[in-house]
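**Student:** Each chain is listed here by its residues.
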Amino acid sequence: MLIEKINITNFGPFYQEHEIDFSEKYKGVHVIRGGNGQGKTSLQRAILWALYGKVYDRKRQQIRETSLLNQSALKDGLYQLSVTIYFTHEGKNCILFRQMTAKSHREKSYEEGMILTLTRDGEISQDPQNEIERILPYEISRFYFFDGEMLRDYEELLEENNRSKLLKNSIEIILGVPYFRNAIDDLNFIKSRFEKRRNQAIKNCGGKSYEELSSELNTIAETFDEKNRLIAALQGQLAVIQEEISSKKSELARLKDVKEMGERRLEIEFKIKDEEKNRDEKLKNIRQLVAGLYKTLLIPISETVILRLEEKAKSSYEKYNKKQKLLGKAEMLSKGIAESKCRTCGTILNKEKLEQFEHEIKLIDEEIELLTEVPEPNLEYEHQKVRLERMKNKATNRTDFININVEINRIDSRLIQYKSELASLLQKLKDVDSEEPRILLKEIEDRISEEGRLQGGLKFQIEEFEELREYKGELEGKIKSIPRKDVNELNNAIEHISPLTDIFEEAVSLYRDDRKQEIENIATSIFHKIRSKDEFDRLKINDQFGLSIITNNGTILDRSEWRSSGEEQLVALSLIGALNKCTNIKSPVFMDTPFGRLDIQHGKRVLSYLPELADQLVLLVTDREFKKEDETILSGKISSDHSIIFKSEREGSIILKTSTLRDQL
Amino acid sequence: MEYGDLLKILKQINSDIGRPDLGETIGAILAFEMAYPLQDDRLSCQEKIEHLILQRFGGR
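Chains as they are written, first to last, in our numbering: chain A, 1 to 665; chain B, 666 to 725.
For reference, chain B alone in the conformation it holds in the complex (with noise of 0.2 angstroms):
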């Protein structure tokens, strides 16, 4: 399964729930975690992450 498979159905849930601005922070949030997907991985992608929403919705 590849990154435009995954997102094509993040986008239709989306797009069911009226969230057009999440929109791009979802593919960025999905392609985080297809680049990081081992447990030893998880810190360096919850700073990309927590660094993308603040930035998004956190006035930064």
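One chain only, chain A, in its complex shape (with noise of 0.2 angstroms):
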């Protein structure tokens, strides 16, 4: 099967017809891109709706009819929606169309108005649902329709119990060994018709013992269908209390995911707080440095005024320091003045001298005369000059404005990814009870002692059949003696029978362990090109097709050990890629946020593996799970590209090719 076009109308967020076309190039890689909530799941459930006319939430709830129809569709009170594949199988054009019509939004009338129709080569099927599960049978479904929020499913191959029981039933659809059992309950089946007919024939013989015979063997054989029926019934009630107690019990820890996830929304509120703060004094900064901004304008003025001021203080020092000096000379003269007079009479001792310093003395008046005007050292030159220069170095720096750009760019990268994961976390966490823990711990204990009761009841039953096929056995012998032909002859048809059913049970356990050889080693291989850590050396598989890790030294790694989600993830890729390989039903692989819990560099590995998964794979990625660079890890296997938008409440999602949404950008 590889489909060429799909038209939706009125389904989910998608009002009116939408398609999405990959008849380009069928084979290869589809990627479609959305953010959340824009409609990629809703996709992945038109499609599964179309081909089995059920879907389930994430909580393995059936969505309900009437939740399924566009709320513009609804408004407008067109109670219709359809969806309309286009694909090719075994070498036919087949459209397969699936339609509801109601005349109320009741869900009876959705289910009452459901049409379905398949042509093959434009001939119309009469049986088009069997036609579907011949092609892609509802239980395997899961495998080719994978939703990398529902891993748990996966996970639970590695425990058992039912659920794991069922997954295991579906991995063995897949294998094709339903064709053995088949053959064992219609041997079975069979066998039992012939004993009918050959207790008759008995009966037919005529005479008491004859009689009586038949009339027991009739009666063990009424019993036997009646503990037959009772045991399934038992079987049929353990497994839905089974299923009901691993659904609760999945349920019980997607809550304690909701738990961690509540944690995380703090932790990331508390950074996206704490980066803000920081942010804003980024900004503070920044308002401050252009506060400062005409600083550095001035500096070039300011290095000729700094310059100039140097001067005049080195000026004014060196009249300072002429000034001191001659006054210190000056007083010497005036010493030599009163020398050369008489102390007591003033009489002119030495007129000579005396002359010589009253012109010297003169002089020296003159000059610092001159220098009064710089009577002290010029304090407010240097003063001016140091401002100045402070005024210099306190100017903004282009790399200070660099710096702080980069650094809120970080800060911004930061809270890009932190806002984005909230956002992400708060979508998983809408609508979450604070009270459903302690309701479904209750019910998980009121399931597990009914399911003992069942087992018990299941027990005694099992008992007495085994007494009755002993009984039954006295009984055989008796019928070997009976000299009619027809008893004869069925009592060899019967006979035939057993070991016929033994070789189809015995090649259910043969067939059953060489697939599993099979798929650990193709898993394994497939293990090699995406784990994460070189020491984890293989896979092993156990008795229900679930995978645990085996390390270079031999030690097994079970869930608690290597419970990284993301190596979860590997797993079940491993395992999904490996029954792919084994099986020969061709289907396209569609896969919901393949990426969603692994890092960058598992996810690349992952995707460069992806296009050997299937000949068709469509991916339903977010663009922060594929980015730019991803485009290149597939590089010549990207057969087409689209995105889904969210438009408006009452447009709903548009689908269109990313590169016209590119241009429209």
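Honestly, the hints are just simulated from the structure, not real lab data.
In silico lysine-lysine, DSSO-like type, Cα no more than 27 angstroms apart, as pairs:
1) A:Lys5 x A:Lys92
2) A:Lys581 x B:Lys676
3) A:Lys191 x B:Lys713
4) A:Lys485 x B:Lys713
5) A:Lys168 x A:Lys59
6) B:Lys673 x A:Lys581
7) A:Lys191 x B:Lys676
8) A:Lys168 x B:Lys673
9) A:Lys529 x A:Lys27
10) A:Lys586 x B:Lys673
11) B:Lys673 x A:Lys516
12) B:Lys676 x A:Lys516
13) A:Lys208 x A:Lys196
14) A:Lys92 x A:Lys54
15) A:Lys5 x A:Lys581
16) A:Lys273 x A:Lys256
17) A:Lys353 x A:Lys322
18) A:Lys516 x A:Lys540
Combine both chains into one complex, guided by the hints.
**Tutor:** Written out as structure tokens, the structure reads:
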């Protein structure tokens, strides 16, 4: 099966008709992009609904028919939705059309108005649902419509519970085991029918002893049938209860995840607050830098002024020093003048010296007079110079701007990451009820007690069944001695059925072991391509088809030890890859958010492996999961690239080619 | 997995238990099962196998 085109009308977020076209090149990787809540999962659900007429949410609850209709169509009073899938299968062009029309917006009305048609090369199929089941059985659709958010399904394969048995059955359908199982059931049914006919033939022999034998055989056959029905009913009830327990445990585990998500949400909110505060501070720094920007402009002028002030200060000092020297000299000369006269009577003692001193002091006084404008060192020049130098040092530097901008960009990038993670967490945390875990625990306890009661009843019925079988064996001896051709012929046929049944029963276990080995080998080779650690040597399969990791030292790592959800996803992908290689069912593989739990490095490894997974692979991804560089990894293998965009509440989501969207932007 | 691969397993088991008389019947039953795999097909498939067994071992 290769999908060529899908038309969706009024389904989920898609209002009116929308088309997604893979016809340019069917095979290869088809990328469908879309953010959270845009409609990626709805697109996958639309295809599943077209195929099987029912879809389930992530809590494994069936989505009601009334919830499938687009809200705008509902407001318009258009109670009609449809999905058409154009595909090729075994060389034939097929068209699958499913439509639901209702007279009123009630579930029953929708159920009544369901139409399903399937044409092969224009020929209408008489039994479309069974035709689809033959192409891709519903039980195994989970392996072709993979949801990254539903990994727990695959994790169950490592546990021994009823849910893992159901998954094991699904895997066995992929591998072809049911052909043998159906043969066993059919042969047992035929044997029972032959026995009834034989009993009638014995009765027809006549005579009291034959009549009694026949009557006894009939009673045993009836009791056998009754016991079989009872055992089947008990097993059915047990399966339902175990499925409910498993589902509720799963839900409880999901709620534990919710708790972790809640804690992570608080952590992220705190980080966002912290980063925003940090960012505000950086912006404040920038504002301060901008305020000091004028100082930068003044740097060339201030440098000239500083030089001038330095010169002035120097000259001022020189003058001051000169004046001090002259004052000292004048003092010395005054002393000389005084000493040139008698201290008592004032008589001139040395006239020549006195005149020389008086002449010199006159010249000095004139010089001092000239320097009176600089009476002391001019500190104002020094002060102004220091101020200007300080201003120059405080002026804004270009690198300061660049550094702060780099820091703000880093903060912004972290903020985007945190906010995107927060948005995704809030989406997941929507509609979570805090009382749910307590209620779930109580429900699980009730069902476990009911499971015990049913198992007790089943054990008792099986014991009685075995006793009957023994008694029936004794009667078989008597039958052989009856000299009637029709009885003998039927007996002969019955006797041949048992070895045939044994052969098919043995084939089931032999074939299963072979297949398990093959899956283990292929899954290991895939795991080698995508594994997260080189220490992980290989994978080992268990009876449930669950895979454990074996390390280089031979240690078997079970779930608790390799609990990282990313690693669990790698193992699940290896299993899906191996199943796809081992089956003769050829169908496209849809992967919704396949890299959700993987880091960038492992996401890339998985991405480079994915094209090998199926002839036609459809990746439903968010922009965060699938970036521009990822296109390079898939270079040459991308056959189509579409985007789902939510336009508005009224218009809903639309599908368009990513290139068209990029042109519009 | 194709018809030939599945038949090979059945024939191997049959050869081990030494019942060559069942060989052809096993192949025919497997062919019916592969042609009628669904739950809705059970009745048609059982009728065909019943007819086959009566023909081979029931003296018809």
